[in-house]
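*Asks:* Letter by letter, the chains look like this.
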Amino acid sequence: MGNRTEKKISIRELSDREYFYGHKACPGCGGSLALRLALKVLGERSYAVVPAGCMSAVSFIFPQMAFTCNAIISTFPGTASMLSGVAAGARALGIKDFHAVGFAGDGGTADIGLQALSGAIDRHDKIIYICYDNEAYMNTGVQKSGLTPLGARTTTSPAGKRLRGAFTQKKPMFEIVAAHGIDYAATASVGYPMDYLRKLEYASRVEGTSYIHVFAPCPVGWGYETAETIALAKNAVDCGLWYLAEFSDGKFTLNHNPGEFSSLRDYLFGQSRFIHLQEEDVNTIISERDAKWANIHRAWRFS
Amino acid sequence: MNHPIRQNSFKPPKDLAEYPVGTAFPSGHLVETNASWRSHRPIIDALRCSKCLICWLLCPDGVIHSSKQGGLEIDYDYCKGCGICARECRQKAVTMEKEGL
Amino acid sequence: MMLEQKAFLSGNEAVAAAVRLARPHVIAAYPITPQTTVIERLAEMVEEQSLKAEYLHVESEHSALSACIGASAVGARTFTASSSQGLLYMAECLHYASGGRFPVVMMNANRSLALPWNIYGDQRDSLSLLDCGWIQAYAEDAQESFDLIIQAYAIAEHPDVLTPMMINLDGFVITHTYELVSLPAQQDVDAFLPPFQTTNKMDLDHPMSLGFTAGPAFNQSFKQLQHLAMMAAVTVIDEVEARFRQFFGRHYPGLLETMHCNDAEFILVTLGSVAGTVRPVIEKLRSLGERVGFVRIRYMRPFPDAEIRKALAGSKAVGVLEKDISFGFEGTVFTNVNSALMRTKVVPPRLRNFIGGLGGKDIAAADIEQIFERMKSTDDGESVEFI
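Chains as they are written, first to last, in our numbering: chain A, 19 to 321; chain B, 2 to 102; chain C, 41 to 427.
Just so you know, the hints here were simulated from the structure itself, not pulled from any lab data.
All of these numbers come straight from a predicted model, not from anything done at the bench.
Here a beta-carbon is modelled for each residue, glycine too, at the ideal position from N, C-alpha and C.
Don't take every hint at face value.
Said to hold, decoys possible - Sample of chain A residues facing chain C (criterion: CB under 10 angstroms; computed from the structure): (1) Val67; (2) Phe78; (3) Phe80; (4) Met83; (5) Thr97; (6) Met100; (7) Ala105; (8) Ala108; (9) Val224; (10) Tyr242; (11) Phe270; (12) Phe320.
Let the sequences and hints guide you as you build the complete structure.
*Replies:* If you want it as structure tokens, here you go:
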């Protein structure tokens with residue numbers, strides 16, 4: 019990763035301060051865990067920017083404020099642009115040693131927020147952009163987003179006789195930001211928390227724009243028992259549907275090679291959003307996964 | 002304290018003069034608890050607990066804290082009973098018990 | 041007070057010169073005709089370091105205002121500029137800035153809104169956004185544009201106001217025409233305009249949560265406070281103008297300017313640069329013994345309803361000339377003027393609404409004379425007359 023040294027994070031070194039507490043997220047919400055852990059690493063000198071979406075809807079309900087650090091809700095498309103403004107304003111005022119960190123969902127990142135994110139990366143604004151990916155517009159009631167995976171049932175991509183859930187693949191956000199030549203990007207999962215923490219710590223030292231895409235299961239939208247969030251987030255990586263990787267200095271690095279994949283069918287059929295899938299759908303998902311991994315093996319370094 | 006607690010003395014604004022300027026309010030201000038969401042509550046068995054802190058790490062609500070006695074305790078005001086702590090504990094030291102028992 | 045310099049500047053260049061003197065911390069803007077030369081001049085000033093500001097090349101107008109709000113939310117002074125399509129693209133952010141009470145200052149080059157496409161000046165863009173909670177001023181020339189920018193920061197940032205402000209310049213007619221502009225010295229502007237202080241911001245010493253949700257129990261009170269703050273701006277505008285006159289010698293008459301209204305039978309109400317065409321017609325008609333008068337509205341928000349009533353009282357006919365139309369009804373300026381007049385028991389017998397200048401259509405002195413003829417006529421006429 020260039021000449022920036024890596025720092026191993028141990029659980030005991032993490033701050034015991036809670037920066038996201040008393041919020042109204044659903045029990046077992048992967049996104050809220052991703053946000054909570056990020057702020058433990060980034061600390062109290064953080065300005066958090068959170069767009070309209072799950073994380074803001076549950077934490078800024080006057081007079082209940084669940085962020086204990088500075089935080090502001092942005093417009094839905096405006097996470098990255100507000101972050102750029104926060105960073106520029108703080109810089110102009112001579113404020114030092116701060117983090118401007120955004121927490122946007124998949125819809126707020128890959129769809130409505132993509133333009134502003136592209137601009138921020140282009141400007142190399144010193145911000146940390148974290149996309150918590152629960153694979154649909156969850157706050158508004160589970161509608162299909164650009165990051166809804168193939169076959170997933172959502173309220174706007176229903177599973178019926180003719181169409182069986184979402185019929186497009188996830189937008190490759192990690193590759194999209196990498197194609198911008200972003201200073202640092204990473205994929206992560208709340209099922210691999212130590213890897214996620216390491217990447218947060220790294221991003222906190224990047225002199226430029228960082229993007230972390232953290233896989234964050236949603237019990238309500240995906241249809242599984244709340245206690246399974248971490249296990250599911252781990253399974254997604256183990257069965258190859260998600261990958262842990264980094265992009266820096268123009269190079270892709272795979273952090274975790276699952277080797278033999280765990281059962282993709284077990285992963286899918288453990289969630290009610292996939293139970294309608296036919297055998298041919300599962301085969302499509304498997305072959306798309308295998309094609310992606312063939313590319314990874316061919317083109318990416320392995321750490 | 003490393004986490005906010007519920008403000009018992011907060012009175013909601015009535016006159017316009019009592020309202021904050023803009024949409025700005027101090028961070029870390031809690032007036033409601035989430036305890037009523039639970040149907041089950043986690044109980045930590047201190048004898049089985051190895052203090053690995055995995056449950057503390059993975060709680061989406063951050064309600065597991067180090068107690069003064071050196072073990073772990075749960076802030077039941079804000080625990081939603083999701084069960085992740087019980088599911089992820091390697092020592093099977095956390096059990097989910099039905100509320101009201 | 042130091043001696044002022046004079047420079048031959050376009051309206052846009054005057055705006056840029058004023059912005060430099062106001063010392064914003066962050067400038068974020070996206071180019072759109074006819075605003076472009078403002079942000080080009082500012083970029084040159086940043087390059088040569090005569091202006092020390094963070095200049096963000098944002099990728100859209102929505103991002104421009106969103107970035108300014110972010111910067112304002114940490115306590116920075118900000119500036120942006122736009123026009124027509126761009127102003128509408130940032131429309132959600134206009135409400136966001138005003139509701140969040142962030143005193144962003146913006147220059148808007150009034151330009152016709154598509155469709156059809158048209159880059160020339162009319163006022164449909166800003167007048168269609170009167171409800172967005174921004175203070176809205178309309179300049180007549182480059183000097184006033186310059187002075188309004190300086191005053192804007194004093195008005196917007198005042199703790200009783202904390203409301204963003206939009207300064208409107210007619211596209212091309214003001215933005216791109218040149219006149220002699222007096223420029224005060226930096227140290228005098230520094231004395232007039234102290235640094236931006238606010239408690240409405242994120243603060244590493246006192247963590248705050250901004251931009252929150254307010255449900256049915258609380259929301260209306262926040263909005264009422266916002267309305268009251270805009271009303272408080274009326275007094276603040278007077279104070280700022282008085283102070284401005286002390287510092288820089290130039291006198292501004294508040295929310296509206298009147299000419300010969302004391303004894304006028306027929307009064308024309310309008311805003312912006314067309315005033316320059318109206319004045320000689322007023323002088324000509326008065327020299328012929330006609331009792332005509334003129335009101336130039338300078339601020340559409342807060343609306344000068346008391347001042348309008350006072351200026352138009354006793355007249356026989358009022359004509360409102362505006363460069364916009366609210367399709368299906370009448371011109372918005374007329375609606376505002378009419379509503380203000382309806383609060384008195386004495387309303388001028390005839391009120392006529394004239395729509396002109398759309399898409400940059402020329403309004404000539406002859407058209408103004410024709411408007412006064414229409415005001416004298418006692419026929420019922422159309423509710424709205426396109427000239």
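*Asks:* For each hint, tell me whether it holds in the structure or not.
*Replies:* Cross-check of the supplied hints:
1. Val67: Since the shortest Cβ distance to chain C is 7 angstroms, the answer is holds.
2. Phe78: 4 angstroms, holds
3. Phe80: 5 angstroms, holds
4. Met83: 4 angstroms, holds
5. Thr97: This interface hint holds because 9 angstroms falls under the 10 angstroms limit.
6. Met100: 4 angstroms, holds
7. Ala105: 8 angstroms, holds
8. Ala108: 5 angstroms, holds
9. Val224: Violated: closest Cβ of chain C sits about 19 angstroms from Val224/A, beyond 10 angstroms.
10. Tyr242: Violated - the Cβ of Tyr242/A stays beyond 10 angstroms from chain C, reaching only about 28 angstroms at its closest.
11. Phe270: 25 angstroms, violated
12. Phe320: 35 angstroms, violated
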